[in-house]
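Novice: Given next are the chains, with one letter for each unit.
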Amino acid sequence: MERGFLNNRETILSFIKRAISESEELQTMVVPFSRGDILFKQGDSLKYLYLLLKGSVGLNRRNEDGYSLDLLKLEPGHFVGIMAFSTGKDSLTTGKALEDSEALKISQTELETYLNDHPRLRHPLQQLMMSNMADRFMKNLQLESKMHQLNEKLEEEGEQLKEAYKQLEESHQKLVHQEKMATLGELVAGFAHEVNNPASALLRSSESLITNFEKLSDNDSLSGMFTIGLKSAPMSSVDIRERMISAQKRFPWVSERSLIRKIAQMPDSAHVLIESTRKKVPIEKMVQQFEAGKFIHNIQVASERIANLVKSLKSYSRQDNNEAELIDVRNGINDTILVLSNRLKYLDVHLELLDIPKTKGHLGELNQVWTNIIVNACDVLPNGGMLVIKTKAEGEHKIIIEISDNGPGIPEELIDRIFEPNFTTKNQGAKFGLGLGLAISNEIVRQHGGFIRASNKKEGGAKFEIILPVKLT
Amino acid sequence: MDHQIYILVIEDELEVMDALVKDLEEFEQKFPVESANNAEEAEQVVQGIANSGDEVGLILCDHVLPGKNGVDFLISMESNQLFTDSRKVLVTGQAGLEDTIEAINKAHLDHYIAKPWKKEGFQKVVVDQLTSFVIKKGYNPLEFMSVLNSIRLAEALRGSQLTDH
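Chains as they are written, first to last, in my numbering: chain A, 218 to 690; chain B, 15 to 179.
If we strip away everything but chain A, and leave its shape as in the complex, we get (with noise of 0.2 Å):
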């Protein structure tokens, strides 16, 4: 046999089979196994080792957690134990037969001595060894290269399920959105029912009021001092103010204050009705006819309000029956800022809306964009500052809508990821429970084809321009 090749297992073992079929002493040393047998336990010290003649062992490993493991099957030729036996650590395995076998059976003590005595056996039992190392070896290499393969996939699969996560992530908030939406809906819609009742109510009140009072005055001036007061809309404090010093100089003999504010906030034509029935009828009940007058007015200019509120409310909230409708995107704008109108108090606001085509879509959704950017632009403006609105057409194909403040701006490291879901810079508890963020409002103008875009201006402020195909069909 050439030193340094490796002859094949089987020629190996069946030289060694004559070996023993010719020795008595090895045949003494082989012992058969039936199926089921255990060689060793994960842990024993091994004190002998086995080289498998027939059949096959198993070797099967218990994991800390408790995982069972079959790692190797050894054949004919297989040392079984041979890692503890030559490291002289307990058995990393457990060993059991897979079928009835048979080993050659060796003690560690009398290994050195077969091979000693026995120079025939010596070099086919180093070459056995040597190839059953070889084997080990290899089989690590391949379970290496394996795992190393696993690892990746793995890997892989974990940013797959990161992503999908992400996705699911999106379109639950995106759900969650679109329900609180649609209890918005219902409730705006109920509301407005219940409003819209009295409101009307009172609307039609305040006119049968003024029938009866036209009715009731037997007295033209007084008459006519209910009708100027039913014209006269309110006056700013500044005006009354100015206006009580003309007033009391107009009317030296009126002493009371607040007589005289009244005065003052009528116009020249009542000035003159009381003037030339001084001396006919009290000024108190000229004043008193001119304040019911007023008062009156202010009722149907109030609960109008309401009833606008109402109509901006209900169709700022629409709910979209699915089906893309052809809208003008302004008249959103203005439900959205009417709706607004109470946070948008502190700000000047300045619309330039010019005519734009309408465009297939839905007014509801696309007012939750408009509300999300003006919403942010009232929370970085406490004290007070400018939002501008405009609306462009570009050509027949491209309705351009452009929301911009003079706040802070948006911080230039933050500016590619304000549209990433779950991405705020205020605690979260949303005010009017809308301002869900730009990431859904990217989606909605997604979905309408269109996209939005965030800058600085170089003036200072943020800019947000919202650009959406015009889509008739």
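Hints are computed from structural coordinates only; laboratory data are not their basis.
Backbone N, C-alpha and C fix where the C-beta goes; we use that ideal spot for every residue, glycine too.
Some hints here could point you the wrong way.
What the hints assert, rightly or not - If you want a taste of the chain A side facing chain B, the calculated C-beta under 7 Å gives, among others:
(1) Ser453
(2) Ser454
(3) Ser475
(4) Asn515
(5) Val518
(6) Gly601
Said to hold, decoys possible - On the chain B side, residues computed to face chain A include the following (Cβ under 7 Å):
(7) Leu28
(8) Glu29
(9) Asp32
(10) Glu39
(11) Glu42
(12) Pro46
(13) Ser49
(14) Ala50
(15) Asn51
(16) Val78
(17) Pro80
(18) Gly81
Claimed, not checked - Within a straight-line C-alpha distance of at most 27 Å, the following computed DSS-like cross-link-like pairs (lysine-lysine) qualify:
(19) B:Lys44 / B:Lys138
(20) B:Lys36 / A:Lys466
(21) A:Lys674 / B:Lys82
(22) B:Lys36 / A:Lys448
(23) A:Lys502 / B:Lys44
(24) B:Lys138 / B:Lys150
(25) B:Lys133 / A:Lys448
Use these hints to put chain B onto chain A, whose structure you have.
Specialist: What follows is chain B alone, placed relative to chain A:
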């Protein structure tokens, strides 16, 4: 009295202002009413009142105003020694919890009236606050018996007579 004690109303919605001033009419023989549609205007008005040697006895202030809000205005009034004693009342439908807490802590808010208000309750608050103001300032209670809380004024009168001895 050698000077006037004003009631100041700050409200930006003119119809609402009309209604508020109407409910204050009955006090006007003793307490002239001044109005402002925003905080900046109100600051000028109170300055004018102070310049003529008069006082602001009661400030009734809306919260949501264009420009500076009502709570901030009340806080600035509180820190101006001319108006520290002025009674301060928020009349609003919209001040949130945080704003209200701030008003109480920093402006020593004396009362909070929620919109919509009722004339009776509103006038009772005005009477109570002005009575407190008059007593705190030590003005002759007899002068205000007809419009303010006469029982409290009488008690104050007795108290001051007792301490005089």
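Novice: Compare the structure with each hint and give your call.
Specialist: Against the structure, the hints come out as follows:
Against a cut-off of 7 Å between C-beta atoms, the interface hint on Ser453 of chain A holds, since the closest Cβ of chain B lies about 5 Å away. Interface hint at Ser454 of chain A: satisfied, since its Cβ lies 4 Å from the closest Cβ of chain B, which is below the 7 Å cut-off. The criterion of a C-beta within 7 Å of any C-beta in chain B is met by Ser475 of chain A, whose closest approach is roughly 4 Å, and the hint holds. The interface hint given for Asn515 of chain A holds, since its Cβ lies 4 Å from the closest Cβ of chain B, which is under the 7 Å cut-off.
Evaluation of the Val518 of chain A hint against chain B yields a held restraint, the C-beta minimum of about 6 Å falling below 7 Å. For Gly601 of chain A, the interface hint holds, the least distance from its beta-carbon to any beta-carbon of chain B being 6 Å, beneath 7 Å. For Leu28 of chain B, the shortest C-beta to C-beta distance to chain A is roughly 3 Å, which falls under 7 Å, so the interface hint holds. Because the closest C-beta pair between Glu29 of chain B and chain A is about 4 Å apart, less than 7 Å, the hint holds.
For Asp32 of chain B, the suggested interface contact is upheld, since its CB lies about 5 Å from the closest CB of chain A, less than 7 Å. Evaluation of the Glu39 of chain B hint against chain A yields a held restraint, the C-beta minimum of about 5 Å falling below 7 Å. Of the supplied interface hints, the one on Glu42 of chain B holds, with its beta-carbon coming within about 4 Å of a beta-carbon of chain A, less than 7 Å. Among the interface hints, the one on Pro46 of chain B holds; its C-beta lies about 5 Å from the nearest C-beta in chain A, closer than the 7 Å criterion.
The restraint placing Ser49 of chain B at the interface with chain A holds, with a minimum CB-CB distance near 4 Å, inside the 7 Å limit. Because the beta carbon of Ala50 of chain B sits about 5 Å from the nearest beta carbon in chain A, less than 7 Å, this interface hint is met. Taking 7 Å as the C-beta contact cut-off toward chain A, the hint placing Asn51 of chain B at the interface holds, the least distance being around 5 Å. Using the Cβ-Cβ criterion of 7 Å, the hint placing Val78 of chain B at the interface with chain A is satisfied: the shortest such distance is roughly 6 Å.
At a threshold of 7 Å, the smallest CB-CB gap from Pro80 of chain B to chain A is about 5 Å, leaving the interface hint in force. Taken as an interface hint, Gly81 of chain B checks out: its beta carbon lies about 6 Å from the nearest beta carbon of chain A, inside 7 Å. Distance restraint check for Lys44 of chain B and Lys138 of chain B: the Cα-Cα separation of roughly 16 Å lies within the 27 Å cut-off, and the hinted pair is therefore satisfied. Taking the CA atoms of Lys36 of chain B and Lys466 of chain A, the gap is about 23 Å. The hint holds against a cut of 27 Å.
As the CA atoms of Lys674 of chain A and Lys82 of chain B are separated by approximately 26 Å, the hinted pair is consistent with the 27 Å bound. Proposed proximity of Lys36 of chain B and Lys448 of chain A is supported: the alpha carbons are some 18 Å apart, at most 27 Å. Of the pairs offered as hints, the one joining Lys502 of chain A and Lys44 of chain B holds, with about 22 Å between alpha carbons and a cut-off of 27 Å not exceeded. Of the pairs offered as hints, the one joining Lys138 of chain B and Lys150 of chain B holds, with about 18 Å between alpha carbons and a cut-off of 27 Å not exceeded.
A hinted pair counts as satisfied when its Cα atoms are at most 27 Å apart, and Lys133 of chain B with Lys448 of chain A qualifies at roughly 25 Å.
Checked against the numbered hints above, the structure breaks none of them.
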